[in-house]
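Colleague: Use the sequences and the hints to build the structure in full.
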Amino acid sequence: MGSMPQLKLAPQRPEMSVVQSYVTPPGYRDFPFIYGLDLSSYGTGDTFYDLALRMDGDADFILRRIFGFTLALNNGTGKFRYKNRWGSYAISDPMLLPSPTLGALCDSWPVLPEKLYPAGGAIKMDLLNTNPYAPCTFNGQPVYQPGNLYFQGVKRFPITGPKCFYETPYRYREVPFSYKYGGDNGLVLNWYQHTNGGLNAPQTFQVDVVNYDFELQGITSSYVGESVLTSYTNFQIVLYDSSGLATSNMPVMCSMLQDQNFALINALDVGVFPVPPLIYRVNSKIKFDIYSMVCPGDVNAPYTIDLTFHGVQRVPC
Amino acid sequence: MSTALVNPYAPNVYNGINDQSPRGYADIDFTYVYDVVLNPSAVAAGQYILQDQKGLDNDADFVWRGTVLNTYTGSFAVRFSDSNWYWLANSRILNTNLLGNASAPSVVWPEIILPAGGRIGIDIQDLSGAANTIEIAFRGVKRFRVGQ
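Order-wise, the sequence lines are chains A and B.
Residues 56 to 372 (the working numbering) are what the first sequence spells out, left to right.
Residues 40 to 187 (the working numbering) are what the second sequence spells out, left to right.
Because the hints were derived from the structure by calculation, they are not lab data.
Just so you know, not all the hints are guaranteed correct.
[Unchecked claim] Here are the computed distance ranges between Cβ atoms for each label pair:
1. B:183 / A:148: 19 to 25 Å
2. A:239 / B:136: 45 to 51 Å
3. A:228 / B:61: 36 to 42 Å
4. A:101 / B:152: 37 to 43 Å
5. A:142 / B:136: 34 to 40 Å
6. B:90 / A:196: 49 to 55 Å
7. B:183 / A:131: 32 to 38 Å
[Unchecked claim] If you want the ones that stay clear, here's a sample from chain B, every Cβ over 12 Å from chain A, calculated:
8. 62
9. 89
10. 154
11. 161
Ideal placement from N, C-alpha and C gives every residue a C-beta, glycine not left out.
Modeller: Written as structure tokens, this is what we have:
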């Protein structure tokens with residue numbers, strides 16, 4: 056009797072095939088969070104030693120990734136290093152970041168093992184030769200955008216009260232599902248970064264979560280009618296969970312959150328967010344603030360953006 | 040204890056990896072940075088060779104797990120050694136065969152444990168014939184002894 060022919064399966068992505076569980080300490084839950092460092096009040100060419108990025112007082116922060124060097128430091132002479140919570144350096148010498156050779160390929164700095172910074176503490180760092188990102192100018196002067204260097208990880212909250220915000224109370228199976236803001240109309244960026252040099256306020260949007268609970272695993276954005284994804288020249292975003300808790304302390308460049316697993320990327324798109332996923336209960340809303348970086352006088356404005364939230368629906372079974 | 044939700048699209052490092060330190064030790068993410076400018080103006084291309092080292096701190100052993108050729112302005116070849124000058128290759132290797140970035144470094148497998156106060160030996164040769172500014176990052180962990 057001959058042997059059964061072997062069915063050959065396509066190889067899985069390595070990171071998909073070895074996904075492992077992470078165990079949080081008893082009595083705690085992890086919430087995806089990004090701390091941004093704002094250099095917009097400083098100029099170019101500055102150097103700082105022991106610059107402190109303060110942690111919020113509500114939860115410890117677990118650092119797993121640093122990104123945004125291209126938006127904060129001079130490409131060629133900018134250098135970076137940072138410290139552990141007890142004050143010793145995590146990098147022996149100031150390092151050329153962004154890398155003049157690797158560029159955006161070296162814009163994402165994984166931290167392994169992860170580092171804990173206590174609530175109310177600080178991430179201290181040395182920045183040599185800053186170059187904060189300024190998408191627009193006014194009267195010949197750069198108009199800087201807040202949010203330059205980002206520290207991604209999780210806030211570790213003690214579990215208190217009902218778990219209804221982050222647990223689905225029924226048996227379910229997972230079905231891939233995406234929510235696009237605005238349906239066929241998309242999101243229209245029809246306001247400018249600044250008025251006479253003063254930054255304009257963000258606008259708030261939301262998407263209704265219908266039928267079933269939704270687990271958000273990734274975000275993509277792209278110009279409507281264009282084949283390339285949104286570059287970092289158009290908008291920043293602050294994402295909220297279903298209870299209204301912000302997932303970052305300041306707006307984050309959209310391209311830095313662009314999930315490369317769902318769509319073609321350009322060289323700057325290196326992000327995955329939120330990690331861990333966020334649960335939006337049925338009838339809740341995916342709320343987010345958009346900060347425009349469209350410059351006054353842009354002949355191509357307004358821009359129509361396809362902003363899509365990817366993940367899974369939790370369908371009862 | 041509770042298991043955190045996993046984002047299947049994110050690398051494990053962003054989802055979180057629980058502490059893997061050996062019993063009695065604490066592993067702390069650390070990177071040693073080596074900067075050098077090879078200036079072979081006085082000699083022909085390919086003839087400038089430097090036997091150098093990156094000294095390690097005295098506070099902890101270093102577990103070397105990856106190498107990033109972060110910056111270079113020209114072609115070069117390099118090989119590395121452990122603290123006992125045991126070379127990890129029989130010859131210098133072209134930089135394009137050691138490519139890696141911070142997220143996906145050139146892997147050192149199995150990891151190499153280097154003693155506190157030791158060194159990483161570096162045998163490096165410019166191949167460009169011009170001034171070559173090079174920065175190499177050695178990624179891994181410092182392994183601190185902790186109370187039982």
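Colleague: Cβ-Cβ distance between residue 183 (chain B) and residue 131 (chain A): within 32 to 38 Å?
Modeller: With a Cβ separation near 35 Å, residue 183 (chain B) and residue 131 (chain A) satisfy 32 to 38 Å, so the hint holds.
Colleague: Can we confirm that no CB of chain A comes within 12 Å of the CB of residue 154 (chain B)?
Modeller: At about 16 Å from chain A, residue 154 (chain B) clears the 12 Å cut-off, so the statement holds.
Colleague: Is it true that residue 101 (chain A) and residue 152 (chain B) lie within 37 to 43 Å of each other by Cβ?
Modeller: holds, 39 Å
Colleague: Per the hint of 36 to 42 Å, is the separation of the Cβ atoms of residue 228 (chain A) and residue 61 (chain B) within bounds?
Modeller: 40 Å Cβ-Cβ, so the 36 to 42 Å window holds.
Colleague: Taking the Cβ atom of residue 183 (chain B) and the Cβ atom of residue 148 (chain A), is their distance within the range 19 to 25 Å?
Modeller: holds, 20 Å
Colleague: If we take the beta carbon of residue 89 (chain B), is the closest beta carbon in chain A still more than 12 Å away?
Modeller: Consistent with the label, residue 89 (chain B) stays out of reach of chain A, its closest Cβ about 18 Å off (over 12 Å).
Colleague: Holds or violated: 45 to 51 Å for the Cβ distance of residue 239 (chain A) and residue 136 (chain B)?
Modeller: Check passed, 49 Å falls within 45 to 51 Å.
Colleague: Determine whether the non-interface label on residue 62 (chain B) survives the test: each CB of chain A must be over 12 Å from its CB.
Modeller: Check passes; 15 Å lies beyond 12 Å.
Colleague: Examine each Cβ of chain A, and state whether all of them lie more than 12 Å from the Cβ of residue 161 (chain B).
Modeller: holds, 14 Å
Colleague: Holds or violated: 49 to 55 Å for the Cβ distance of residue 90 (chain B) and residue 196 (chain A)?
Modeller: Check passed, 51 Å falls within 49 to 55 Å.
Colleague: Is it true that residue 142 (chain A) and residue 136 (chain B) lie within 34 to 40 Å of each other by Cβ?
Modeller: Given range 34 to 40 Å: holds, Cβ gap about 38 Å.
In this structure, every one of the numbered hints holds.
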